[in-house]
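2 protein chains.
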Amino acid sequence: MDDDNTPTPTIFTEMDTLQHEGGELEWKESARWVKFEEKVEEGGERWSKPHVSTLTLHSLFELRTCLQTGSILLDLEGYSLPQIVDDIVDRQIADGLVAPDLREKISFVLLRKHRHQTKKPIHRSLADIGKSSNTASSESVRHPSQSRSMNDISDTPSTDQLKNKFMKKIPRDAEASNVLIGEVDFLDKPFVSFVRLAQATTLGGLTEVPVPTRFLFILLGPHGKTKSYNEIGRAIATLMVDELFSDVAYKARDRDDLIAGVDEFLDEVIVLPPGEWDPKIRIEPPKKVPSADMRKSVLNLNELGQMNGSAGGAAGGEDEELPAPHELGEELKFTGRFGGGLWLDIKRKIPWYCSDIYDGFHIQSISAVLFIYLGCITNAITFGGLLGDATDNYQGVMESFLGTALAGTVFCVFGGQPLIILSSTGPILIFEKLLYEFSKNNGIDYMELRLWIGLHSCLQCFLLVVTDASYIIKYMTRFTEEGFSSLISFIFISDAIKKMVAWKYYPINRGFKPDYITAYKCECIAPDQGESSFFFSLHFNLTDLDWSQLSKKECVKYGGALVGSSCKYVPDLALMSFILFFGTYSMTVSLKKFKFSRYFPTKVRQKLISDFSIFMSIMCFVGLDMLMGLDTPKLIVPTEFKPTRSDRGWLVMPFGKNPWWWYVASFVPALLVTILIFMDQQISAVIVNRKENKLKKGCGYHLDLFWVGVLMAVCSFMGLPWYVAATVISIAHIDSLKMESESSAPGEQPQFLGVREQRLTGILVFVLTGLSIFLAPILQYIPMPVLYGVFLYMGVASLSGIQFWERIKLYLMPPKHQPDFSFLRHVPLRRVHLFTLVQIVCLAVLWILKSTFLAIIFPVMILGLMVVRKLLDLIFSQHDLAWLDDILPDKDKKKKEDEKKKKKDKKSVEPESDEEVRGKLWANMKLNSRLHTDTASACQTHSYCNLQSWRVFSGFTVHLNVCRSICCGCVDPRFVFSD
Amino acid sequence: MDDDNTPTPTIFTEMDTLQHEGGELEWKESARWVKFEEKVEEGGERWSKPHVSTLTLHSLFELRTCLQTGSILLDLEGYSLPQIVDDIVDRQIADGLVAPDLREKISFVLLRKHRHQTKKPIHRSLADIGKSSNTASSESVRHPSQSRSMNDISDTPSTDQLKNKFMKKIPRDAEASNVLIGEVDFLDKPFVSFVRLAQATTLGGLTEVPVPTRFLFILLGPHGKTKSYNEIGRAIATLMVDELFSDVAYKARDRDDLIAGVDEFLDEVIVLPPGEWDPKIRIEPPKKVPSADMRKSVLNLNELGQMNGSAGGAAGGEDEELPAPHELGEELKFTGRFGGGLWLDIKRKIPWYCSDIYDGFHIQSISAVLFIYLGCITNAITFGGLLGDATDNYQGVMESFLGTALAGTVFCVFGGQPLIILSSTGPILIFEKLLYEFSKNNGIDYMELRLWIGLHSCLQCFLLVVTDASYIIKYMTRFTEEGFSSLISFIFISDAIKKMVAWKYYPINRGFKPDYITAYKCECIAPDQGESSFFFSLHFNLTDLDWSQLSKKECVKYGGALVGSSCKYVPDLALMSFILFFGTYSMTVSLKKFKFSRYFPTKVRQKLISDFSIFMSIMCFVGLDMLMGLDTPKLIVPTEFKPTRSDRGWLVMPFGKNPWWWYVASFVPALLVTILIFMDQQISAVIVNRKENKLKKGCGYHLDLFWVGVLMAVCSFMGLPWYVAATVISIAHIDSLKMESESSAPGEQPQFLGVREQRLTGILVFVLTGLSIFLAPILQYIPMPVLYGVFLYMGVASLSGIQFWERIKLYLMPPKHQPDFSFLRHVPLRRVHLFTLVQIVCLAVLWILKSTFLAIIFPVMILGLMVVRKLLDLIFSQHDLAWLDDILPDKDKKKKEDEKKKKKDKKSVEPESDEEVRGKLWANMKLNSRLHTDTASACQTHSYCNLQSWRVFSGFTVHLNVCRSICCGCVDPRFVFSD
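In the order they appear, the protein sequences are chains W and D. According to full-length UniProt numbering, the residues represented by the first sequence are 1 to 979, in order. According to full-length UniProt numbering, the residues represented by the second sequence are 1 to 979, in order.
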């Protein structure tokens with residue numbers, strides 16, 4: 001066991017207590033630890049929630065004495081429980097701790113069978129309810145939910161053990177430590193033994209799960225101190241699952257090593273004052289615990305970790321580290337070579353290509369595809385409709401669908417970051433609108449002009465790609481990113497609401513009185529033709545038309561007049577749309593939140609309800625809509641594959657319609673388009689590639705831009721809309737693909753592992769979008785308000801992760817109720833507020849500009865945001881900005897970092913790796929414990945100190961320490977427990 | 001200070017650290033404690049949230065050494081800080097702890113001015129935002145939000161101190177303890193002093209608030225250990241606010257008493273294992289902390305409190321106390337005298353009568369009156385309408401209003417429990433319906449028969465009153481209570497929803513196509529008269545009526561036919577009603593929940609938004625309704641004061657219409673009514689008088705029943721409906737009058753103090769109900785769906801506090817996610833489920849019966865519930881029932897209790913009052929600390945042990961204890977800090 005560098009296995013601890021059950025002795029499982037404590041509730045048949053083991057200082061000190069006075073058997077060769085028990089008792093007798101005549105009795109007790117608390121399938125426990133109601137008055141005589149094992153000591157794990165589902169919560173390499181605590185009547189002083197086996201061995205039914213046992217802690221004592229014994233058992237169990245102490249336990253050479261481990265543990269414990277905490281409260285496991293390495297380094301540096309409450313002030317706070325600066329990684333390095341970045345991007349992405357496909361095969365992908373697909377077609381229809389309006393149907397819904405499918409598929413197959421979703425965006429729509437108007441007014445052919453702009457823009461993109469221009473994106477901080485993404489989210493939200501509040505399409509007859517229903521009608525009146533009287537025109541029409549039978553549209557078409565008080569109103573539709581819209585939104589939000597409720601098993605809650613929340617909401621409200629049978633506006637997908645305008649084909653010819661100099665002049669508007677595309681694309685990419693998302697496969701800014709450029713040209717040739725990365729849908733895509741660890745130890749929080757990075761979902765989404773033309777019969781049932789509800793959800797959800805948004809909320813909170821954000825601990829509140837205010841003002845200005853014709857220079861304004869951010873350096877200190885924004889890695893800092901690195905290099909002449917720190921620490925500990933060994937060993941045989949009141953407790957500490965450092969003859973006899 | 005029995009004042013602790021601020025030394029407040037810790041955040045200008053002070057064990061041991069080695073000045077006569085500082089330094093010099101030449105320097109440092117962290121009004125801090133943005137780059141040079149004081153040491157509190165609003169969080173009798181922690185360069189070993197002043201004295205600007213200082217702890221030390229010093233400062237500050245230690249500090253006679261206090265504290269601390277908890281997490285204050293008395297008794301009994309995780313098993317759990325049995329108090333004792341209970345009730349309530357009026361003058365009453373008023377009139381209208389239907393308007397809305405006002409006012413003025421709200425209830429409605437049908441079919445005068453039934457019932461009630469029959473109610477347990485109140489809640493909820501889903505009144509035209517609006521019309525067609533053709537009848541009517549101008553009602557009235565496809569539909573109203581209903585409900589729920597959000601100051605959130613949530617929701621949706629201008633069904637209040645039926649007067653004559661034997665026979669139906677009234681009234685009363693509501697003024701079951709009887713007779717004479725206590729509205733009444741403590745110490749949870757018991761709100765509600773006839777112009781704007789929303793809320797809210805409901809939810813939760821209910825810790829889950837199942841089945845049976853004609857024997861079925869509960873004794877053990885239900889105090893138990901009492905009596909020969917326990921404890925402590933005094937005092941001058949690593953820390957413990965118990969010559973020099 002001297003090999004200090006092998007990592008020690010994880011320990012699973014089970015604590016069994018001795019019970020008198022119907023006249024028979026048996027060991028009953030009372031608690032277990034993987035990382036946190038789970039206790040068998042008093043009522044039995046149920047495990048408590050995992051919680052932090054709160055101990056008393058008293059029990060820890062008692063445990064320390066137990067280890068000092070009991071027998072310690074390290075590296076015992078054990079193959080079966082009876083043999084191990086024999087060895088333990090032999091040693092106790094040899095040490096004179098126990099009378100030889102008790103051998104039989106102790107062995108008898110220690111070999112009693114063990115009853116474990118096992119989880120049963122639900123149908124069995126339901127059956128039990130029926131059963132037990134008959135035999136109920138004699139309670140706790142039978143425990144049908146507990147399995148008995150080790151009736152005789154077998155070497156192979158029992159079926160109960162093997163069936164135990166709890167096994168999957170225990171790491172594979174785990175070894176067990178068994179704590180046995182009991183009261184017997186034949187002992188007059190405690191019998192304590194700590195055993196480490198040379199090899200982990202499965203000892204029959206000793207442990208609940210088929211995990212081999214490595215450690216055994218046995219405490220038998222006289223009657224009357226159950227609670228105290230139990231607390232000692234809990235203390236050793238908690239110690240055994242402590243990462244540092246278990247290391248010590250594995251490597252300890254003798255008793256003193258163990259005691260040194262306890263002392264080390266004691267020095268690290270956190271203490272709660274008795275007047276400020278109720279010991280009955282079970283503390284829920286925290287989200288994060290300090291890692292063992294951190295704790296070690298703290299110990300090693302002779303520094304106690306800064307406590308949360310440490311009254312630091314300026315002096316104490318200086319050594320607190322600043323937050324790690326935002327790193328964008330090597331993807332955005334300026335290579336200086338022609339197309340160097342693009343080449344690196346390709347080299348980086350190629351090795352992942354296969355996994356990009358097969359990583360997509362997961363149930364989660366289905367919900368992601370459904371979710372994003374619905375977002376995409378909604379977007380395609382919305383923008384298609386708007387583009388059709390703006391360009392007299394030169395680009396309509398059909399082009400929008402085709403373009404989305406084509407561009408999206410190409411990008412997802414070949415792009416650098418396949419998680420990005422391409423879509424039409426607002427700024428481009430505005431550009432097209434202005435361009436079309438310009439063309440019409442000046443008699444220029446729109447499609448040809450547009451083609452040339454597209455080609456120029458494509459070339460400009462290539463230029464940006466080969467010059468690694470994307471590297472400037474790394475000068476963007478949280479300020480700019482958040483500004484941009486908030487703005488896009490707000491646009492999403494406001495669009496969704498604007499679309500919804502379509503009272504103008506379905507006006508409500510506000511003054512409607514049910515009683516006067518007879519007065520509400522709408523009649524189609526034929527147009528006045530010549531001198532014919534009203535009466536005449538109604539009944540004996542000049543044409544063949546029966547005007548009264550015409551529908552509203554027909555009436556208008558044939559020039560009739562709609563007369564009547566109900567003509568301009570449409571009943572029910574507005575309110576129904578509102579219900580569908582708001583219902584979809586709030587149901588999605590509630591179902592998403594359901595993840596955090598207590599109902600149903602985690603899997604159902606998470607995988608089913610939360611992941612498919614959007615799908616379920618849509619289904620639900622589509623159903624409601626069908627049930628009501630109202631003519632709500634539905635999703636209308638083109639069903640025939642042909643351009644929306646019949647006078648254009650699928651290909652645009654580059655020459656012939658416009659004067660030649662337009663081919664050159666289109667360079668200028670193309671420049672605007674290029675800036676727009678570059679900013680829109682790359683900011684979205686930065687947001688997607690954020691460190692928080694823990695992407696592992698790298699990204700490809702240059703590669704992305706390359707493909708966007710190619711698609712520009714292709715779409716221009718085919719007369720399809722142009723596409724760039726869409727922030728909100730891309731974020732939604734990432735969110736729907738997030739992976740969390742299946743938490744291993746009970747009580748441990750699942751950790752965010754990263755995103756399921758693959759190309760499959762994207763490809764599927766866009767292939768489905770293309771196929772939607774054939775899905776029209778199904779899709780036509782989806783009411784638009786439901787889709788707007790989904791839009792609203794997307795917008796709100798993409799806001800939720802943004803720190804800016806959190807800071808806005810702070811305005812409404814009195815300081816004492818504000819959440820414990822780290823930046824609030826370090827930056828004065830009014831500086832935080834000021835920073836937020838600047839952001840709000842910037843956004844407001846952008847929002848106003850966006851609503852004017854200046855929208856076309858929108859991307860340039862994003863550059864403006866970066867300028868504002870630079871100016872903030874004059875107002876805010878670098879310290880504040882480091883917490884509020886991510887500081888740019890500037891020159892000074894780099895220098896410092898370089899120096900640091902140099903220092904590190906120097907240091908690394910001495911070995912300083914993790915394993916070596918561990919080794920040194922260990923050596924230190926050894927040294928220290930050796931100091932006390934001589935005296936301590938002389939003390940060993942003395943005094944088991946299970947003393948009760950605080951007075952004696954203090955005395956007990958005295959005794960303990962006297963033993964360790966001075967001598968043992970001078971022990972005050974008052975404090976000796978036995979003899 | 002030897003008077004052990006005077007309670008010691010509460011202590012407020014402020015910790016100031018020494019700062020170098022622009023070349024100048026000053027003391028800056030860094031944390032404060034009232035009960036929990038509040039820290040000045042590093043960024044400054046802001047207090048952290050109050051949190052539990054997590055300490056390191058290390059710092060506590062270091063503090064212990066500080067107290068052992070530093071100078072302790074007890075009962076120092078101090079009138080000003082300079083004089084006190086002089087005394088401290090003198091003592092240190094006298095003790096040889098400090099060189100005399102350092103006197104000046106130490107005094108200089110200790111007399112530097114103190115800067116406190118004060119809260120500023122918001123407008124000033126907003127102004128600062130503007131200001132500071134100019135001077136921002138030079139951060140932390142100015143702290144405009146901090147006040148400077150003690151530029152010179154003044155005796156009167158400064159304006160800053162007096163203005164400090166924090167003062168109101170500190171109890172009146174509080175005294176301050178000031179902890180001063182600093183690093184200086186002229187010391188080479190720490191300077192420690194603990195001072196208790198003989199009289200608490202205001203020492204100028206030493207403390208943030210004008211609280212006189214009693215204790216001073218000073219720790220000055222050489223540079224380099226700020227963190228360690230701060231931790232020691234936090235440790236002593238935490239100790240000072242500990243109730244037991246502060247007691248010790250006030251009464252300590254010497255150094256050893258203090259150290260004994262620290263040891264006592266140490267013995268009680270709760271320890272968190274380092275691997276399971278991150279020390280950086282600030283622990284929120286718990287809802288409840290163990291009281292000092294509890295902690296004392298635990299100490300006294302030589303028992304460590306059972307820790308939450310203690311692996312008890314059957315053996316360990318037995319001594320856990322059962323929950324306290326449900327007590328109904330002396331109100332339900334069987335006196336055995338004629339009208340004895342009634343007499344006691346009157347005697348009990350008379351003394352409270354004045355306070356019953358003036359306690360009502362509180363802002364909370366307004367919201368309560370509004371809330372309950374709306375509930376009452378909704379109820380009055382609903383039941384009025386239903387009664388009108390059932391009795392051909394013999395009792396209509398007018399009677400309902402008048403009766404509610406009359407009965408309610410009388411009951412609230414004279415009743416025993418004025419918090420109970422009388423109302424019409426479902427069972428009585430059903431009885432009236434059956435009675436009216438019977439009368440009509442048999443030619444009996446309904447009003448006269450009803451009068452006689454009412455008179456008989458009144459007499460029977462009196463009989464029940466004078467025989468103290470209400471005492472049987474005390475045999476009702478949670479099982480019955482919850483069954484009854486859940487049932488009533490369900491009825492409320494289902495009624496609200498049924499009323500709402502009134503599609504039949506406002507059918508939606510489901511197939512409506514906006515395009516075919518021309519096809520939708522509804523015309524009034526005159527009835528076919530003779531042979532006139534369709535055309536003819538339309539334009540040249542035989543009568544004077546213009547049929548096409550008639551409204552729907554008129555058309556029907558005059559015998560016309562409504563023809564057209566839109567006749568049977570009413571647009572928008574159904575959906576609008578749904579939006580109003582659901583909107584009101586969900587807005588009320590959200591606003592109620594808003595109490596728990598972080599936004600806005602507590603007062604705004606609680607007093608304004610949460611208390612007035614119902615009112616605000618109603619206002620909001622009434623506004624929406626007015627905005628839409630739709631003809632939603634509105635609240636219609638009668639405006640003229642006359643009986644609904646014109647052929648009856650306000651008085652019913654007892655004789656003349658029915659045969660004489662009916663006067664006698666009506667005894668039998670009266671019996672049914674009496675049982676109904678008795679059960680309904682008294683169960684509601686039990687629910688209102690629940691112990692959880694902490695009512696202080698007692699109740700009056702007999703008195704209540706007496707007035708209900710009187711009102712029966714009065715209402716019968718006036719032909720008004722009969723009234724009994726309405727469970728749901730009464731609970732709502734109580735909920736709206738709940739009082740919570742304004743939490744004193746920051747971080748302490750507000751405690752539920754009780755209910756604002758008074759008669760005023762009830763009286764006002766019913767007077768307003770009576771006046772509603774004149775409020776019709778205002779009330780007519782309230783749409784009924786909004787009121788149904790309020791109904792739904794009432795029903796759901798009254799369910800929320802019920803354990804039965806919590807247990808139902810458990811079915812859906814996997815065991816590991818279930819909340820930590822105490823009954824779950826003690827009763828096996830399947831027994832809990834079985835118990836819940838029985839309740840569900842009972843309720844289902846009752847629900848089904850309620851829907852049939854058997855509804856009339858509804859009250860008898862409640863008795864059935866009690867029988868079922870009795871049968872449960874056979875299935876469940878008393879242990880389980882004690883946790884799930886409140887056990888009846890049966891004979892065996894009483895005997896045991898008597899025995900216990902006797903034992904107590906015996907014991908009380910020795911003094912055992914709280915104060916005496918305290919005294920004894922104190923004596924024990926004294927004794928113990930005396931044991932060590934001789935040796936300890938010899939040790940005092942040694943070794944300040946601020947040692948850093950765990951090794952030395954262990955050594956330090958050694959030293960410490962050696963000093964205490966053995967000798968001090970044998971101290972290992974390695975562990976001595978100085979010399």
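Hints are supplied without guarantee of correctness; some may be wrong.
For chains that are exact copies, the list does not tell them apart, and a pair is met inside one copy or across any two.
[Said to hold, decoys possible] Think about it this way: if two alpha-carbon atoms lie no more than 25 Å apart in a straight line, the pair counts; the simulated SDA-like pairs of lysine to any residue are:
(1) K287 / P171
(2) K696 / T639
(3) K870 / F338
(4) K498 / G583
(5) K251 / P171
(6) K634 / Q749
(7) K225 / M294
(8) K521 / T201
(9) K521 / L843
(10) K280 / I802
(11) K168 / L829
(12) K498 / I802
(13) K280 / P814
(14) K850 / E523
(15) K168 / G336
(16) K691 / G23
(17) K691 / I862
(18) K165 / A745
For the record, the hints were derived by calculation from the structure and aren't laboratory data.
- Task: Classify it for me, K870 with F338: is the Cα-Cα distance of at most 25 Å met within a copy, between copies, both or neither?
- Result: Neither: 30 Å inside a copy, 90 Å across copies.
- Query: How would you classify K251 and P171 at a CA-CA limit of 25 Å: within, between, both, or neither?
  - Reply: For K251 and P171, only the intra-copy Cα distance (20 Å) is at most 25 Å; the inter-copy one is 55 Å.
- Task: Could you place K521 and T201 in one of the four classes (within, between, both, neither) given a Cα distance threshold of 25 Å?
- Result: Close neither inside one copy (89 Å) nor across copies (88 Å); limit 25 Å.
- Copy assignment of K521 with L843, given that the CA separation must stay at most 25 Å: Neither: 48 Å inside a copy, 51 Å across copies.
- Item | Alpha-carbon proximity context of K280 and P814, limit 25 Å | between (31 Å within a copy, 23 Å between copies)
- Homomeric proximity label, K168 with G336: Cα distance no greater than 25 Å: Answer is neither: 52 Å inside a copy and 67 Å across each miss the 25 Å cutoff.
- Query: How would you classify K165 and A745 at a CA-CA limit of 25 Å: within, between, both, or neither?
  - Reply: Within one copy, since 13 Å is at most 25 Å while 47 Å is not.
- Item | Identical-chain pair category, K691 with G23, by Cα at 25 Å | The answer is neither: 63 Å in one copy and 42 Å across copies each exceed 25 Å.
- Message: One pair to classify: K280 and I802, alpha carbons no more than 25 Å apart. Within, between, both, or neither?
- Response: Result: close only across copies, 24 Å inter versus 38 Å intra.
- Item | Intra- versus inter-subunit Cα pairing at 25 Å for K498 with G583 | both (17 Å within a copy, 21 Å between copies)
- State whether the alpha carbon distance between K850 and E523 is at most 25 Å within one copy, between copies, both, or neither. Cα proximity of K850 and E523: none, with 43 Å in one copy and 52 Å across.
- Query: Between copies, within a copy, both or neither: which fits K691 and I862 at Cα up to 25 Å?
  - Reply: within (22 Å within a copy, 63 Å between copies)
The earlier numbered hints that this structure contradicts are 2, 3, 6, 8, 9, 14, 15, 16.
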